[in-house]
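Trainee: Residue numbers (the numbering used here), protein chains in the order written: chain Y, 22 to 472; chain H, 205 to 438.
Hints are supplied without guarantee of correctness; some may be wrong.
Unchecked claim - Per the computed footprint, the stretches of chain H lying under chain Y, defined by three or more beta-carbons under 8 Å from a beta-carbon of chain Y, are:
id, region
1, 238 to 247
2, 254 to 261
3, 282 to 289
4, 299 to 308
5, 314 to 322
6, 346 to 356
Hints listed in this document are in silico derivations from the structure and should not be mistaken for laboratory results. Glycine is no exception: its CB is placed at the ideal position from the N, C-alpha and C atoms.
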Amino acid sequence: MNRTRNNPIADDLVRPLFHTSVWFYGSAAVLATIVLCGAAAWAYQIWYGIGVAGINWPIFWGFYLTNFVFWIGISHAGTLISAILRLVNARWRRPVTRCAEVITVFALMIGAMFPLIHLGRPWLAFWLAPYPSAREIWPNFRSPLVWDFFAINTYLTGSVLFLLLPMIPDLALIRDRATGWRRFVYGTLALGWQGTTKQWHRLESGMQIMAIAIIPVAVSVHTIVAFDFSMATVPMWHSTIFGPYFVAGAIFSGIAALIIAMAALRRLLHLEAYLHPVHFENLGKLLLLMSLLWAYFVFAERLTVWYGNEPSEMAVFWATQAGDYAPLYWTMVVCNFVIPFPILTLRRLRTVTGCVVASFAVLIGMWLERFLIIIPSLSRKPLTYSWGSYSPQLVEIVLMVATFAAMILLYMLFSKFVPIISIWELKVGNQPHPPVETADDELAELWKARP
Amino acid sequence: MAYRWGMVVDLDRCTGCEACVTACHAENNLPTVGADEAARGRAMHWIRVERYWEGEFPDVRVKFRPVLCQQCGNAPCEAVCPTYASHQNEDGLNAQVYNRCIGTRYCGNACMYNVRFFNFFHPQWEKPLQLQLNPDVSLRESGVMEKCTFCVQRIKAAKSAAKAEDRAIADGSLQPACAQACPAGALVFGDLNDPESRVARLSASPRGSKLLEDLGAEPKITYLHRQGWHESNA
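With these hints in hand, go ahead and build the complete structure from the sequences.
Mentor: In structure tokens form, the structure reads like this:
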């Protein structure tokens, strides 16, 4: 047990697993209550029929699909960013990767709930899966919803693997420090990790393969979510720009979520020494890039529609630009561009606080963007007699709030069971020279095994 | 010989009386949802009469346009359904299999004519209205999409009868409820594959056009323009 005393990194990062404050239990209880309210709201909706939500004819998709796209977008924070940073070997990534990857897994799980919640008959959702059945039909592979089903399942599987692989050495480290039931649980999860050279090499190549494989999967997932809209000839949905536009927006909102999560971890788990302002600075620059990209996409989309001057599209265009939806539209522009742009451009403002403020604005703006993509188009289809309007109902709002609570709760719980910062990667990364002088034999072993 | 059912809507004859809407409700067990739900956009009318006004008071002209499922040959609603609940049947109808529908409502979004309707709640009929339900038409439960079927129950019955007697269905002997109820004879139904049928001849009229034709959905309903408009308005 000599090594534990000489191991400040591991001590700091493992501490949250063994020490839990009363605040944690209190906030977890509050969040769990909100999540239970969401579950009750869903049960209520299933019992009485989906008419308790605000959707109507002809706006068949409302808050639920908005939240679906929003959460799938958030999920692009983690795995994609982490994979890119790994592949380009950005050294500053090391404390960031795991807290990013966790966002992906939980945001995907939450996002994937919404297509189920929004179904008229959710108990039949398994009909999307291709399996031999007495009905003797397969899912309709022409339907973008079926593509969604496969894309999201693939992404979820890949993200879970991508999260779990680099966790193995850390789980083994906790196993070696723990006693009792914890030792058993972490020992099982560590899959017999001994830290041999062979195991390190296998881990490294496994991570390399996953990092490469997950990037096209991540891009395809949000492209396919965009296809849910752009495959229909609905005005302003039917656009070739939607695939890349959605992917850019997803990464945009994902980075914002990551910055907020990191700032919270930094404050609550006292990780100031690990999540340094330079991480926020770098992610802030990335957020700025995505903000500019987002503005470019919006400009390209809007200009093309306006110049084309096609009547049914112009109805939607003016509804968002100057009509019923204009307040939401301009709030979106302010949140996604006007607020983050100066904050992230000026070095003086690109602090931890500045990045968090910009990120909150971006999350609000990107949520509005999803809403404004879905609802105005459905309310202004070509036959003017059938124009409609939508206002969300209580059950939809409760379910939406519950998913935010669920995200925070899951994230909190995860940080209590697994070090939220990858200990071994940090150790390897922090040492520019072989640590021959150090008494930390664990680190020396790590160094030797470094590929 | 395969049938290809279609319809002609003569806008010159339509008076906007909505007899077709009422007849459709009675024939196809369409629930009425009440004033409050209807105001929220939950009314179900497989056929509706759209009203458009032109001009300033007192020189106002109103135009009626009955809109029902256009039974598209290249239907956007069919491709997007993940479970084949919405599919093209052998007569070229856009059939909806209620039991297969899981309620994604994607078809309703993809349909540019907005002629697909969703059961937001379990349909209910106040007593004794349940006694007037048509036994040939299944009731739809909460959470499924439904739409105009061209009264497929009548088509099936007519086909069975014709097959038993080894003959084709005679033109005009088969009508959906809306066409049957139309006092002005504005709705003409029949087999587009039979060039001698009334509907096929009227479809070829120079007055004819399709609704949102440029979308390429190949609708099987032809609208005949009102005549005399241009001259009188000039």
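Trainee: All the hints need checking, so say for each whether the structure fits it.
Mentor: Do the hints match the structure? See the list:
{"no.": "1", "hint": "238 to 247", "verdict": "holds (count 5)"}
{"no.": "2", "hint": "254 to 261", "verdict": "holds (count 3)"}
{"no.": "3", "hint": "282 to 289", "verdict": "holds (count 6)"}
{"no.": "4", "hint": "299 to 308", "verdict": "holds (count 5)"}
{"no.": "5", "hint": "314 to 322", "verdict": "holds (count 6)"}
{"no.": "6", "hint": "346 to 356", "verdict": "holds (count 4)"}
When the structure is compared with the earlier hints, no violation turns up for any of them.
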